[in-house]
Amino acid sequence: MNGSVDATPAGYAVTNWISRVAGCGSALPERRLTNQELATTVDTSDEWIAQRTGIKERRIAAQGENTSDLAIAASMAALRQAGIRGPDVDLVVLATCTPDRTMPATAVRVQAALGMTGGIAFDVQAVCSGFVFALSMADNMIRLGQARTAVVIGAETMSRIIDWNDRNSCVLFGDGAGAVVLRAERRTGDQPRGVLSTHLHSDGRHQDKIHTDGGTSSTQTAGKMHLEGREVFLHAVVNLAQASQEALTANGMTKDDLDWVVPHQANQRIVQTLGEKLQLPKEKVVLTVDHHGNTSAASIPLALAEGVADGRIKENDLVLTPAMGSGFTWGSALIRW
1 MNGSVDATPA GYAVTNWISR VAGCGSALPE RRLTNQELAT TVDTSDEWIA
51 QRTGIKERRI AAQGENTSDL AIAASMAALR QAGIRGPDVD LVVLATCTPD
101 RTMPATAVRV QAALGMTGGI AFDVQAVCSG FVFALSMADN MIRLGQARTA
151 VVIGAETMSR IIDWNDRNSC VLFGDGAGAV VLRAERRTGD QPRGVLSTHL
201 HSDGRHQDKI HTDGGTSSTQ TAGKMHLEGR EVFLHAVVNL AQASQEALTA
251 NGMTKDDLDW VVPHQANQRI VQTLGEKLQL PKEKVVLTVD HHGNTSAASI
301 PLALAEGVAD GRIKENDLVL TPAMGSGFTW GSALIRW
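For the sequence shown, our numbering gives the first residue as 1, with consecutive numbering after it.
FYI, nobody ran anything at the bench for these hints, they're computed from the structure. Among these hints, one or two may not hold up.
Said to hold, decoys possible - Derived SDA-like pairs (lysine to any residue); straight-line CA-CA distance at most 25 Å:
{"#": "1", "residue 1": "K277", "residue 2": "G54"}
{"#": "2", "residue 1": "K209", "residue 2": "Q268"}
{"#": "3", "residue 1": "K224", "residue 2": "G83"}
{"#": "4", "residue 1": "K255", "residue 2": "K209"}
{"#": "5", "residue 1": "K255", "residue 2": "D317"}
{"#": "6", "residue 1": "K282", "residue 2": "Q242"}
{"#": "7", "residue 1": "K284", "residue 2": "E246"}
{"#": "8", "residue 1": "K255", "residue 2": "K224"}
With the sequences and hints as input, model every part of the structure.
Dropping the structure here:
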């Protein structure tokens, strides 16, 4: 593959290859944990949760059901939709902050399950921004000719790092996985289909706003999650809007060109406020947090898979996927479906 590079007027480097989305899939645990059930174990209520987050239920992984199990199921669903065999994949990038084990990477478990005996597989850790970061890694490798067919996954078992006595955090999160298949294609025409650009940022000064109180090196445990909700909300709205506008500007587009915004599903208030800040009708913003909860790196690919499955996201639609996560990390991708 020839990876010759040009530059757009906005300065975003492109090659004569583009990463086209060939399929997407999802996987959710069977168990549904409703707000009413949570209210029996922690000081909260369905009304309190719904008003503040928009969440009504979330999925919880069963005992022995690991992040890799969900990632494998989502990947296989995406490959079926794409009509591609697992051994034909040469790149797996898996975004997760809840890996099966400290080592090896959870991605290599997916690689083995797909029947890949070659190629590349690795994890990306950017928490709720993880899928956008993973998508960017895969897209850049395809653009440079280092891969032809990639599976990009966001998969989490957030229930394993939640403090179930903390009503401010335990009501927010759920488990699940989503995946997309990318294929290298020649860039042709004025409106090529595929990943048009990705844009990534981080600012480590905010590393303690969302964090776990453990780690392999520091405490030899995974720890439990803690977050400063108000601070996260304020930064999320600003950073998501900035990353969204950055993607549009880089491609010489405006909000009016968008068919769909599929943001990280943190909570309903953040998603709705982002839509208002971008001056988009709510009908253009995909919202799934009500029945998934915040699934961290899995939230965007889960929402994409749902939007494709129910017919909302169609061929040639312009889709924007902004995200922000612990760190803070944030970014966006603009995709012609």
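Violated hints, by number in ascending order, as checked against the structure: 3, 4 and 8
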